[in-house]
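Mapping the sequence shown onto the UniProt record's numbering, position 280 (from 1) lands on 280, and the numbers just tick up by one.
Simulated from the structure, these hints should not be mistaken for lab results. A couple of the hints might just be wrong.
Said to hold, decoys possible - With a straight-line cut-off of 20 Å between C-alpha atoms, the simulated SDA-like cross-links for lysine to any residue are: (1) K154 - P170; (2) K408 - P140; (3) K436 - N373; (4) K413 - E143; (5) K118 - K75; (6) K436 - E361; (7) K111 - N158; (8) K413 - R385; (9) K420 - N197; (10) K111 - E88; (11) K420 - E361; (12) K336 - R425; (13) K111 - K135; (14) K70 - P140; (15) K70 - C114; (16) K122 - K70; (17) K436 - V379; (18) K111 - K75; (19) K413 - N447; (20) K75 - N158; (21) K436 - S402; (22) K336 - N373; (23) K154 - E168; (24) K118 - E168; (25) K122 - C137; (26) K436 - P409; (27) K111 - M155; (28) K75 - L60; (29) K70 - L25; (30) K135 - Q166; (31) K322 - R425; (32) K111 - R193; (33) K420 - P406; (34) K436 - D460; (35) K154 - R183; (36) K118 - P140.
A quick note: this is a predicted structure, and the numbers were derived from the prediction, not measured.
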Amino acid sequence: MRAKKCQSSEFASYRTNEVRRLVTLYQFNENQGAQMNCAFEPSESCAWHNAEQIQFGRELFMRARFESPKFSVEKFDCTGGERAFPLEGFFLLVGGRDESVLESSAAIEAKVPCQTEKAMLKFDYWSINETPILKICVVPDYEENLVPLCEESKMDINPLTFEIPQNERPFRLRIQIDNIVGRDDIVLIDNIRYDGNIICLNEPKPPTKSITELLMSKTPTGGEEELEAVEGKLNDEEAKERGAKGRKMEQDGTIGGKVPTGEPLELFGPISKRDNGLYHDEAMRQKSFKNKNDFGQHFTSFHRSKDGAFGPDGTSLCAALKCNFDAGKACRYRRKGIDAISSWKLHGQCQIGDLEELEDELFVLESPKLRVNESLFLVFDLFQRSVGPQLRVCLNTLRNCSFENPRKPHKAKHWLVGQKVILPRGTEKVFFVGSKLRRNHFIAIDNIRLQSMNFGEICDSEEKINSLKTN
């Protein structure tokens, strides 16, 4: 059907210079982020960036999008061979320059501190012809002047998939395009997904700092080993204090004792291509603090109700995690979780901050004990209006944090709707950890919900709720 359609003069293919004229180009990734999974939307904090040094003449990838009203999806579909390429939103582009160049290369890369087992790298790739050569490279990063290990790719349908070998030393994962010839070649890349375990732990050392000091520090000394040792010590002390009552709570499946480690977790969560930015006005629910002018005016009056313990075995994940914090209730969450100094407060949303200095305080909102049998998204809305406050979402333990709020808030929009964190299979705890709150600084979260890996709402039907039991 496609071949017959593309033989028609109505759907003649694009030339390279036509493709270049139809896209709008944007600067790519001036500030490096943390997300290995990247769709190159403006809202993402992406770990991938243009490589600084490559073998041949260097070209730079640019962020691009088809914005011209003259662009034809049908005509593009007849361009560049049989490989389909998704056209929603932004993507990366290289090549198609006006000047004539004999040969050049371009590459993007991301740092991986270590990879404790094999990983899979997937992305969508499109080239207007077969001249460019795609390579996947592992660049050792623990010593200078080490030779990159590259393998030339064989083309297949999208997404292209590559296996990355285990490597417990730091390296850079690189996607490289060689043999780009001036105005004749153009290459597009989108929807990078890295599925691998990059949680690297050594034998724990005796702690020299408290867990609060480690979490509050931007560059904690002692690293993850020290943090793990502190956390273990705190959990042991907590178990002793609870005594027989604590042991009974554990037997009932409620909070108590040591936080379970669970299975290896994916550290970075993907971002939905459906989101064309950080904010969606139609999704903004008008609660008391959703207006920037009155947020903080009522911060002195909160309902301090005690949170109930988690329910019996078999309670659904929706009952355990979904919450909009209405009526002064925190649902199943503990507002003063493990190692917290102060409690999260409720006023139509769950929030921290005050007119007083709180920079040395740690706030931990802790979920009940649960069990995720199938990977899904935890989605929530985040309020942030100042530079400095920090919010992290941690899974299973306080040292395994897969989300951190943006360093610089948006100037006009303070509610970031639809923040996503992947909950891998085996997840047993979720922590919202707030810190670094100076005078008059506030952070709030609201509307916690669940989505499938296809971005469908999970908690909107009884059938889906019953299919996702925590135990």
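Verification of the hints:
Under the criterion of a C-alpha separation no larger than 20 Å, the hint pairing K154 with P170 is inconsistent with the structure, at around 27 Å. Annotation: proposed proximity of K408 to P140 is violated, straight-line Cα distance about 32 Å (limit 20 Å). With a C-alpha separation of about 34 Å, the suggested pair K436 and N373 falls outside the 20 Å cut-off, and the hint is violated. For the given pair, K413 sits about 43 Å from E143 by alpha-carbon distance, which is inconsistent with the 20 Å threshold.
Pair hint K118 plus K75 does not hold up; C-alpha atoms about 39 Å apart against a cutoff of 20 Å. Among the hinted pairs, K436 with E361 is consistent with the structure: their alpha-carbon atoms are about 7 Å apart, no more than 20 Å. For the hint pairing K111 with N158, the CA-to-CA distance comes to about 24 Å; that exceeds 20 Å, so the pair is violated. Among the hinted pairs, K413 with R385 is consistent with the structure: their alpha-carbon atoms are about 8 Å apart, no more than 20 Å.
Proposed proximity of K420 and N197 is supported: the alpha carbons are some 19 Å apart, at most 20 Å. In summary, the hint linking K111 to E88 is not supported, as the alpha carbons are separated by about 27 Å, beyond the 20 Å threshold. For the suggested pair K420 and E361, the alpha carbons sit about 26 Å apart, so the restraint of at most 20 Å is broken. The hinted pair formed by K336 and R425 fails the criterion: a straight-line CA distance of about 26 Å is larger than 20 Å.
Pair hint K111 plus K135 holds up; C-alpha atoms about 17 Å apart against a cutoff of 20 Å. Simply put, K70 and P140 have alpha-carbon atoms about 45 Å apart, too far for the 20 Å limit, and the pair is violated. For the hint pairing K70 with C114, the CA-to-CA distance comes to about 46 Å; that exceeds 20 Å, so the pair is violated. Taking the CA atoms of K122 and K70, the gap is near 31 Å; set against the 20 Å cutoff, the hint is violated.
Distance restraint check for K436 and V379: the Cα-Cα separation of roughly 23 Å exceeds the 20 Å cut-off, and the hinted pair is therefore not satisfied. In summary, the hint linking K111 to K75 is not supported, as the alpha carbons are separated by about 37 Å, beyond the 20 Å threshold. Between K413 and N447, the direct Cα distance comes to roughly 17 Å. Compliance with the 20 Å bound is thereby established for this hinted pair. Restraint check for K75 and N158: the C-alpha separation of about 19 Å stays at or below 20 Å, so the hint holds.
Pair hint K436 plus S402 holds up; C-alpha atoms about 18 Å apart against a cutoff of 20 Å. Taking the CA atoms of K336 and N373, the gap is near 27 Å; set against the 20 Å cutoff, the hint is violated. For the suggested pair K154 and E168, the alpha carbons sit about 27 Å apart, so the restraint of at most 20 Å is broken. A threshold of 20 Å between alpha carbons decides the hint, and for K118 with E168 the separation of about 11 Å falls inside it, so the pair holds.
For the suggested pair K122 and C137, the alpha carbons sit about 14 Å apart, so the restraint of at most 20 Å is met. The hinted pair formed by K436 and P409 meets the criterion: a straight-line CA distance of about 15 Å does not exceed 20 Å. Using a Cα cut-off of 20 Å, the hinted pair K111 and M155 is violated, with the two alpha carbons roughly 25 Å apart. With a C-alpha separation of about 26 Å, the suggested pairing of K75 with L60 is violated against the 20 Å cut-off.
Between K70 and L25, the direct Cα distance comes to roughly 16 Å. Compliance with the 20 Å bound is thereby established for this hinted pair. Under the criterion of a C-alpha separation no larger than 20 Å, the hint pairing K135 with Q166 is consistent with the structure, at around 18 Å. The hinted pair formed by K322 and R425 meets the criterion: a straight-line CA distance of about 18 Å does not exceed 20 Å. In summary, the hint linking K111 to R193 is supported, as the alpha carbons are separated by about 14 Å, within the 20 Å threshold.
In summary, the hint linking K420 to P406 is supported, as the alpha carbons are separated by about 13 Å, within the 20 Å threshold. The straight-line distance between the Cα atoms of K436 and D460 is roughly 36 Å, outside the 20 Å bound, and the hint therefore fails. Under the criterion of a C-alpha separation no larger than 20 Å, the hint pairing K154 with R183 is inconsistent with the structure, at around 24 Å. This hinted pair checks out: K118 and P140 have alpha carbons roughly 16 Å apart, not beyond 20 Å.
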